[in-house]
Structure formats: C-alpha cells, structure tokens
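**Student:** Work out the full structure: start from the sequences and follow the hints.
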Amino acid sequence: MSVAGVREAITQACHEEWARVVASLTRRFGDLDIAEEAAAEAFAAAVQRWPADGVPPSPGAWLTTTANRKAIDRIRRENKRGDKHKEAQMLSADDPPEPPGAIGDERLRLIFTCCHPALAMQTRVALTLRMVAGLTVPEIARAFLVQETAMGRRITRAKAKIKAARIPYRVPSAADLPARVGGVLAVLYLVFNEGYLATGPGTDPVRHDLTAEAIRLTRLIRALLPHDGEVAGLLALMLLTEARRTARVSASGELVTLDEQDRGTWDAALIAEGHRLVRERLAAGVAPGRYQILAAISAVHTSARDIRDTDWPQVVALYDQLARLDPSPVIALNRAIAVAELDGPEVALAAIGRLEDTLAGYHAYHATRADLLRRLGRSQESRAAYGKAIELAGNTAETAYLTRRRDQLP
Amino acid sequence: MQYLVSVIHDTPNPTTPAEQAAIEVFDDRLKAEGHWVFAGGLNLPGTATVIDNRGGEAMFTDGPFLESKEYLAGFWIIEAPDLDVALKLATEGSKACNAKIEVRPFQ
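Sequence lines, in order, name chains G and A. Numbered according to the working numbering, the first sequence spans residues 11 to 420. Numbered according to the working numbering, the second sequence spans residues 67 to 173.
If you are wondering where the hints come from, they were derived from the structure by calculation, not from laboratory data. Because the structure is a prediction, the values reported are computed rather than measured. Beta carbons: idealized from backbone N, C-alpha and C, even for Gly. There are no misleading hints in this set.
From the structure, some residues in chain G lie toward chain A, with a derived Cβ separation under 7 Å:
no., residue
1, 128
2, 174
3, 175
4, 176
5, 177
6, 178
**Tutor:** So this is what it looks like as structure tokens:
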C-alpha cells in the first residue's frame, strides 16, 4: 500500500474507531484518563508501524488490542510506584449491562458522560471533541481560539471532576433520556454553529472542519438512537445548512445571503438526504421538537429553486409552531424576517420593535432592522443600524457583507 | 460515596413553617431510602467565630471567614452511588428548603 494509502487508512480508522476504543477502555479500566492516553498511544503506534507492517485486516481490533496492552502497561507501572488508589478512583460502571440493542453501544456511555449536565457547556464541547471525535487538544484549542495550555487544563479538570464527583459512565434511564439527549444535541449544535458562523478576526468565515465533525458525531448518535426524532431533526438541519455552505461565502470572502445565493451550487446529495430525514419525521406523526421544526424550515428553503418560489406562508407557520415551543426573542426575530417576505417590511419592522430591549446586543437584530429600514427607504436609520450590526458581528464574512450594504445606501 | 449537600441562602429570612415541614418530609425520605448520613441547620453567619492558630498564638475573629451575600444555611451529608443519584436528591432538596444547593463530593 502507498504511503498516502496508509495515511488514509489511519485517518479512517481514527474516525471510525477512536470513540469505540476510548469507550471500551473506559468501561474496562474505569478511567477516562487511562483510556484517552492508551488510545492515543495505540494510534501513534499505528502511525509508526502500519507503513512498514501494512494495515492490519481489522484495524479496529488491532487498535483495541494495542490500546488495552498500553493501558495495562501504564497501570502496572503505576502500581509499582505504589499507587494503590487506582481501584478506589474507578468510574462507577458496575450497574447491570443494558439489554442488547443500539442503546447498549459503549460509545453512547462515553457521549453521555462527556455531555453530563454537571459540566460547563464549553467543557462538554471540549471533552466530546477529545474523547468521542478524537480531535487533539491543540486542534480543539485552535477551533475555539483558546490557548493550548488553557484547553488542556479545561479537559484535565473535567476528567478530574468526573472521577472525583463520580459522574456515572452509563446511558441514562428511559425517564431521563429525552432531557439528556437534548443536552448532547446542544453540544453538537454548538460545535456545528461555531464552524458555520466562525467568530474571530483572523479565522475563516466557515470552519468546515468543525461542521464536518459535528455532522459526523450527529450521524453517530443517529446510528445509536435511530428512533429519536430530535436526533434525526438535528442531523437534517445540519445537512441542509451544510449543503449551502459553499454558496454562502463569495470568492472575496463576503457573506452571500439566501436571496443572492447561486442555488445551482448547493449540494444536491446533502439536500436529498436532509429532505428524506424531514419526510421521515413528518411521516412519524409525532409532535416535532425544535430541531425538527428548524430542519423543516430549512427544507422549505432548499425546496425552492428561486427565492421567489419560497413557500413563505409555510415558513411563517413553522416559525409560529417553533415560537409556541420556544418563545425566545431570537426565534421571534427569525419569524419577522419571514413575515417581511409575506406581509412586507413595515409589518416586520413593527414586530421586531418589541425585541429591542432583549436583543440590543445581538448583531443579527441590528442587521435585520437595517435591511428592513433599507427596503422602506429610510436610509439614515438604516445606516445607523448597519453601523451597530458591524460593531457587534464577529464573523469576517458577515462584517464584509454588512459594510458593503451600508456603503451602498443612497 | 458521600456528598456534602450545602444549602445556600441569600436572604437572612428564617425558614418558614411550610419549608420546615417539607424539609422533614425530605429527611424522612433520605432515611427510608438509605441516603441519610447527617444533616443540620446553621445559625446566621453573624454568630460565627473564626480561629487562626497557625502562628502559635490563637487569633479570634468575630463573624464568618467570608463576608458575602450568600451564606451556608445548613447541609446534608448523603450517601449515593454516583453523582446522578446525588443530583436527583439535591434537586428534591432544593425544592423542599426553597433554596439554592451545592453538591460536592467527599474525598
């Protein structure tokens, strides 16, 4: 096999096997730290040995065996040093095994532990990317514009808390499952959005590495919890958003809004898959959660060949449904954007006027207001609103777009 | 595994009879389900005295070691197999005593 072929096999093995290796080691040794380190050593061994020895017939089994051996080596080393506390520090995984089926997958335990509500949101994100997605600490630090040492400390502290407070290594009971799945999805959506709306002056406007990672993890959860409607909804939402990724930023690095995007460049395969998932949820006949409704809105947009063909009454109806579920001002703002298409900018402007108190610090509020004022010919007010939006926007492509729009005002 | 479940108050109002009754119901539940280790309500922080004998000569200071709006009003020590169980109990406890609660594992 060529060098490139081996490298490809290692990357693929990392994507497919990392979480499984970490999960099974955590289960066996009751210690996330040992599992993470041994898995990393096993993958390093693969990088060293596979080019010479060839890729083993079952890479997953090779990695698991190697990682197990590394973990046992480490435990022996530490026992020699007289560390007798190891056993007392084991994670509690002594509950009876779950009945067989998708829910019994080791990786689910790992995901629920990393996304435990007793951990801060940023910590859950970092831990999930490290333990489940297999990103390195420097990669995660770069993704969130944090110093490597600070990110390392965050992950170390999280592992220490999991151990000391005894955060269990198991899939939550059926009664707790919906809320806990919601917590996992929130982590994945945050990773996706950080990729899709990357912030920071020096960063690419879209971080494909993060959106791809979020989609990969959501696919994994979908495979493990195939009957959860919100998991399907979030995956559909991500796919339908990702499908428009390349059309969303111009060659000069400026945001291209939905109405100006070249719809021919949208990824047809991703859209087809997203639409399939949305249809599947509609057929299920169960009241949808917020991700499913957001996915349905995205499906309406991606069904239109031209902005003028968009079924705006349907979009507004879906936002109404979403607002009943989540009466947050951000949802109301997005609803108003759709209302502007249906009932005109004047009606929309009146609707967002009520949101000023709560959204005064949110760039999208000012950007929406600026656009509505522009359409109403109120240039002076529009210019001021664009100014505020530019001040608050963190995404380079968005700033470029808003600046051009402001400068084009009559 | 034992956890310290601290009750955090931010007003100096005494516990109401209704809260006291709810706390007793919760205490009984802890005992019945085998989670009970110990519990107690504390007097107001103003009744505290801080002692520092690190220098060989004991220093006494009137008042709590930390002046803050929030203070420890009482606590439970509970026995629970893991944090999920401890958090579930603490969620009930917070409702019973109508206060914010901190859960912290013993070493």
